[in-house]
Amino acid sequence: MKRRKFVRHIFLGSAASFIGADIVFSSSMPENYRPVIEQDLDPYKLFNKDKGMVVLNNKPWNIEARAHLLDDRITPNKYMFIRNNGIIPRDLDANTWTLTIDGESVNTPKTYSLKELKTTFKNYTYQLTLECGGNGRNEFNPPAKGNQWTVGAVSCAEWTGVRLKDVLNDVGIKNDAVYIGYHGVDTHLSGDPNKEPISRGVPMHKALLEETLIAFKMNGEDIPLAHGYPLRLVAGGWPASASGKWINRISVRDQVHDGTKMKAPAYRVPCNPVAPGEKVKAEDMCIIESMPVKSLITYPKSGAMIDENQTLKIRGHAWAGELDVKNVQYSIDFGATWTDCLLEEPVNRLAWQHFNANIKFPKKGYYEIWSRAMDRNGISQPMLIPGWNPKGYLNNACHRIAVKVK
Amino acid sequence: MKNKAFRNGVKRVFLRLVLFFALIITGSGALVYKLINPSFLSFDEEEPVTIAVEASNLEAVENGIHLATGFKADKGLQTVIRSCTPCHSAKLVTQNRANKEGWIGIIRWMQETQNLWDLGSDETVIVNYLAKNYAPEKKGRRENLKDIAWYELDN
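Residue numbers (the working numbering), protein chains in the order written: chain A, 1 to 406; chain B, 407 to 561.
A hint or two may mislead.
Computed list of lysine to any residue pairs in SDA-like fashion (alpha-carbon distance at most 25 Å, straight line) [stated by the list, open to error]:
#1 A:Lys115 / A:Thr125
#2 A:Lys313 / B:Lys552
#3 A:Lys360 / B:Leu559
#4 A:Lys51 / A:Tyr229
#5 A:Lys279 / B:Lys506
#6 B:Lys538 / A:Asn141
#7 A:Lys281 / B:Gly511
#8 B:Lys545 / A:Val274
#9 A:Lys51 / B:Asp553
#10 A:Lys279 / B:Ala541
#11 A:Lys363 / B:Asn550
#12 A:Lys313 / A:Asp324
#13 A:Lys301 / B:Leu551
#14 A:Lys404 / B:Glu558
#15 A:Lys326 / A:Asp71
#16 A:Lys51 / B:Asp560
#17 A:Lys261 / B:Trp515
#18 A:Lys406 / B:Tyr557
#19 A:Lys174 / A:Arg249
#20 A:Lys326 / A:Ile359
#21 A:Lys174 / A:Glu116
#22 A:Lys363 / B:Ala555
#23 B:Lys478 / A:Trp61
#24 A:Lys363 / B:Asp553
#25 A:Lys404 / B:Leu551
#26 A:Lys51 / B:Tyr557
Where chain A lies over chain B, by a calculated footprint (3+ residues, C-beta under 8 Å) [unchecked claim]:
#27 498 to 507
#28 548 to 556
I should point out that these hints are in silico values taken from the structure, not numbers from a laboratory.
Keep in mind the model is a prediction, meaning the values are calculated, not measured.
Note that the Cβ used here is the ideal one computed from N, Cα and C, for glycine as well.
Taking the hints into account, I'd like the entire structure generated from these sequences.
Structure representation (structure tokens):
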């Protein structure tokens with residue numbers, strides 16, 4: 001791989017002492033990156049994120065949005081959550097980037113340059129919802145270990161790429177293909193070069209869907225480094241960990257992919273429901289596939305105080321993994337009564353849907369507005385925290401905001 | 407004579423100052439490099455010296471919180487910093503809650519899958535620190551909304 005490196009000077013920000021040290025940086029750092037120490041460590045500048053985003057973890061980088069930051073119909077980079085299992089790679093060169101399709105179930109492995117991928121196969125653009133499997137983990141009781149995501153590990157950006165199925169058809173897949181597994185160039189936290197931080201994937205039926213992309217653009221531009229530049233998988237509606245970043249290899253497997261974080265307990269939940277805190281054997285844990293129905297009130301920001309007789313406009317998004325959303329309702333009385341919101345159709349399959357409502361309050365006081373979506377199969381969001389599971393996945397409990405009427 | 411002695415005195419002080427600043431600059435340089443490139447010297451499990459140097463330079467505690475890491479200042483803090491932060495951020499620890507059994511489970515998982523070494527006698531120190539300072543809170547099935555920032559909304 002061709003490596004372009006910039007040598008920059010680092011200044012110690014003290015009047016008395018000045019040292020110049022040559023530090024080698026990658027060419028993939030954002031352009032507005034400045035060689036001042038405080039800024040180097042500032043994730044908001046490093047990843048072009050809004051200051052309202054919440055850093056859960058800085059090694060590895062894990063950053064989430066807050067509900068009101070996700071108000072855009074298409075999530076811009078500055079409000080998109082970052083979830084990493086390993087260290088974000090550097091020195092990535094799109095000009096020499098290749099993708100190899102291999103594995104037991106390909107006829108012959110084949111390697112494409114990024115340019116070949118872009119020009120050989122038809123390009124498609126979809127809005128795709130990506131939600132971290134652990135979004136909402138912070139509410140589980142007893143607590144589940146890992147990054148304590150609240151509500152902001154979800155996004156719906158516009159992804160451009162080629163269909164994975166077109167590429168797999170071009171390579172030639174055997175009948176015994178069961179699963180695809182991706183491989184990226186991020187590195188393990190321990191520094192062990194023999195360990196992959198994450199290598200997950202999806203079963204063939206998901207891999208062959210029209211919306212499953214090998215993407216090279218996000219919102220019309222090169223994918224930002226933290227989100228998988230220059231090439232990533234996007235399998236909307238499934239735990240976002242199935243959508244590998246910085247990928248250079250996809251293996252077509254004749255068995256369920258056995259890469260890092262495919263095995264229990266990672267991204268798995270008990271096959272049968274368990275009591276809170278119960279121990280679950282590895283063999284009794286099942287891989288999460290489609291994410292459950294969920295909604296988020298993105299306007300107003302929680303904590304709004306309005307005058308009596310004022311009508312409150314609310315809006316937000318709803319999504320349902322592999323399905324679409326049939327309706328969204330709101331309640332201002334903790335679920336005693338529910339009222340329908342106006343719900344838009346999705347722009348395309350696996351895109352989140354927008355809802356809004358105008359709310360009048362009967363009298364002064366403290367209210368919570370709860371939103372509840374229902375998927376096409378009639379399954380709704382629970383008001384309480386759903387089934388406890390050891391790793392705290394799939395919390396799709398109703399979202400709520402606080403409002404005071406004066 | 408007196409003048410010469412004075413000059414020598416000044417020279418000695420000057421040399422000491424030079425040495426002192428050289429040490430500070432070298433130390434800061436290493437720290438800065440460590441900040442820029444967190445992998446610097448951190449992979450070597452045999453060499454906790456680097457981390458100890460960093461910690462001793464950043465000992466400040468405010469309101470019971472060790473500022474450099476965000477850990478609660480309590481018995482075992484240095485052992486926790488030395489064992490936990492070479493691979494991941496302190497934030498990954500402080501945002502989690504578990505009892506002794508839970509923390510031991512997390513340590514075992516890291517040893518089995520994440521290259522964490524045998525902690526020896528440090529393990530008890532670490533587990534006691536974590537179970538005391540980062541114990542589970544009773545949350546029930548759904549908590550009240552917390553930390554609401556109230557604001558006037560005209561819409």
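Consistency of the hints with the structure:
no., hint, result
1, A:Lys115 / A:Thr125, "holds, 17 Å"
2, A:Lys313 / B:Lys552, "holds, 23 Å"
3, A:Lys360 / B:Leu559, "holds, 14 Å"
4, A:Lys51 / A:Tyr229, "holds, 22 Å"
5, A:Lys279 / B:Lys506, "holds, 15 Å"
6, B:Lys538 / A:Asn141, "holds, 18 Å"
7, A:Lys281 / B:Gly511, "holds, 14 Å"
8, B:Lys545 / A:Val274, "holds, 18 Å"
9, A:Lys51 / B:Asp553, "holds, 18 Å"
10, A:Lys279 / B:Ala541, "holds, 19 Å"
11, A:Lys363 / B:Asn550, "holds, 21 Å"
12, A:Lys313 / A:Asp324, "holds, 24 Å"
13, A:Lys301 / B:Leu551, "holds, 13 Å"
14, A:Lys404 / B:Glu558, "holds, 9 Å"
15, A:Lys326 / A:Asp71, "holds, 20 Å"
16, A:Lys51 / B:Asp560, "holds, 24 Å"
17, A:Lys261 / B:Trp515, "holds, 12 Å"
18, A:Lys406 / B:Tyr557, "holds, 12 Å"
19, A:Lys174 / A:Arg249, "holds, 18 Å"
20, A:Lys326 / A:Ile359, "holds, 21 Å"
21, A:Lys174 / A:Glu116, "holds, 23 Å"
22, A:Lys363 / B:Ala555, "holds, 22 Å"
23, B:Lys478 / A:Trp61, "holds, 22 Å"
24, A:Lys363 / B:Asp553, "holds, 24 Å"
25, A:Lys404 / B:Leu551, "holds, 13 Å"
26, A:Lys51 / B:Tyr557, "holds, 19 Å"
27, 498 to 507, "holds (count 5)"
28, 548 to 556, "holds (count 6)"
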